[in-house]
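J.: Each chain, written out:
Number of protein chains: 2
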Amino acid sequence: MKGVVAAVLTPMRADLSVDRAAFAAHCRRLLDEGAHGLGIFGTTGEANSLSVGERIEAWEALVADGVPADVLLPGTGACALPDAVKLTQEALAVGARAVLALPPFYYKGVSDDGLFRFFAELIERVGDERLRLFLYHIPPMAQVGFSPALIARLLDAYPGTVAGTKDSEGDPARVERICREFPQLTVFAGSEALLLDTLRWGGAGCISATVNVLAREARAVYDAFQAGEDATALQAELTQARRVVEGQPLIPALKAIMRARTGDDGWLNLRPPLEPLGEHAFASVSRVTLPNM
Amino acid sequence: MKGVVAAVLTPMRADLSVDRAAFAAHCRRLLDEGAHGLGIFGTTGEANSLSVGERIEAWEALVADGVPADVLLPGTGACALPDAVKLTQEALAVGARAVLALPPFYYKGVSDDGLFRFFAELIERVGDERLRLFLYHIPPMAQVGFSPALIARLLDAYPGTVAGTKDSEGDPARVERICREFPQLTVFAGSEALLLDTLRWGGAGCISATVNVLAREARAVYDAFQAGEDATALQAELTQARRVVEGQPLIPALKAIMRARTGDDGWLNLRPPLEPLGEHAFASVSRVTLPNM
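Those sequence lines, one after another, are chains A and B. Just so you know, we're using my numbering here: the first sequence kicks off at 34 and counts up by one. Just so you know, we're using my numbering here: the second sequence kicks off at 34 and counts up by one.
Looking at chain A on its own, in the form it has when it is part of the complex (with noise of 0.2 angstroms):
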């Protein structure tokens, strides 16, 4: 799992259900666009929205519909344990290499003692070698997140099965004290803003939500820092084609741009607490044009 990986968002019918045909047509042109992979019911996918049984059940009609299984990173993440370990149990048998686990993020002020044992007894729990698990780190949603200090620990007492993290802070100071903290860790930005950054730390990517609009020109900067060329002016160009959604709900923005992209009206469909943008914003994020609509 490396390079431009898109936190894939969620295609919904007008009754608020997983679309799978539209869900898997994006996940394929997310592909051919250059995704190296699929960071499908993250945040962006509106995972905790899902019930755990909708969740499964979509992403094995992804897989059924042909998305290949090893490109897919699966978002397990829940507060209960139990729910952590039936999503991850599933996620590894339709195929995935490796799933993106939030820590439990109801409780608040919790210890990293209490979230070490919540991993330890998700991995036990799990108990397949299989098992490649990401760290979920995106405290401005979660509130919760994971210490320098956790991931270490992790880290001794599961090596090879803590396997590597999203970061999410919005941070790069952090996100490069990561890289370096932890090279035995596979890092992904949170933002392709930070994706040529990351890259040059030796990090392995970003996993965002941007990418569902802009894989080619995120690609396009991975693939230029792999041939030792200076990517550093379409980095620039990808950071500055990022900003239509500025100022806007991300998620929403997103659902938004493949509506005008696609014509299809499900893509306005949000589950609450998440709203359709209004019309004034729909209009202004609509009109602009990224460089490959």
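Incorrect hints may appear among the rest.
As the list claims (entries may be wrong) - Which bits of chain B does chain A cover? Going by a derived footprint, with three or more residues having C-beta under 8 angstroms, they are:
(1) 104–115
(2) 130–141
(3) 146–155
(4) 170–184
(5) 302–310
Rather than coming from a laboratory, the hints here were simulated on the basis of the structure. Using N, Cα and C, we set each Cβ at its ideal position, and we do this for glycine too.
Fit chain B to the supplied structure of chain A, relying on the hints for placement.
T.: Showing chain B alone in chain A's frame:
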């Protein structure tokens, strides 16, 4: 639903499953000690650390084990709409007269429009005129809460169905405001330190974690108030007794007191990320003699 309601602890076995026998025994003891109602599977009950299926199974067992269904106020909040619908339907099916619903708590900074839509979908999908919904306002934990404007809008749209609230913001002025502004709402304070004040403001009582160990004392305040007596001294004693858990993590401290009171080591089990008290804190809490220990 009125008076003294315990935010019931969930006893667990060493394997972290719900201890059915201890749960029923604890609920019966609370009713014997004078609790009017049982708020099972709220924050204190570690609800979000249990799967939907575990919660339903546990409250079915509780009723099968002789705890009257009509004193139950089950927590049915969930981030995912289908989970909230399922929990609510099953709570009604088991005979609960009302349910306590958290707002969806993963996404932060969500709009009142989005929260309104969540509860509108919930009420309409449950589609049961028996439903009495209590709004669970606990921003210190859920971060997302119910603004007075949102409460007014829900009451307008679903009068009778939106029936009450538990206010655990920790601000007495807010409880007073909600009591005065929404006389049609059954208002519970989230702490028995506010029991007498809440009754004076026209509220219904309290739903509180420390009622697990102070049901008799809280009931005495309620009864004195109802009898038209001056309950000030009883309230002062109750507020003082409650200080036993001050400065400790609340749920582990209450489980430690239950361990001291019952001699059952099972009370020390908590689901991660919650952790048992350290040795020093445990000794300190255990030394305290509560009025009815």
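J.: Give a verdict on every hint.
T.: Cross-check of the supplied hints:
1. 104–115: Since three or more residues must qualify, the claim that chain A covers the stretch 104–115 of chain B holds, with 4 doing so at under 8 angstroms.
2. 130–141: holds (count 6)
3. 146–155: holds (count 6)
4. 170–184: holds (count 5)
5. 302–310: holds (count 5)
In summary, this structure violates none of the numbered hints.
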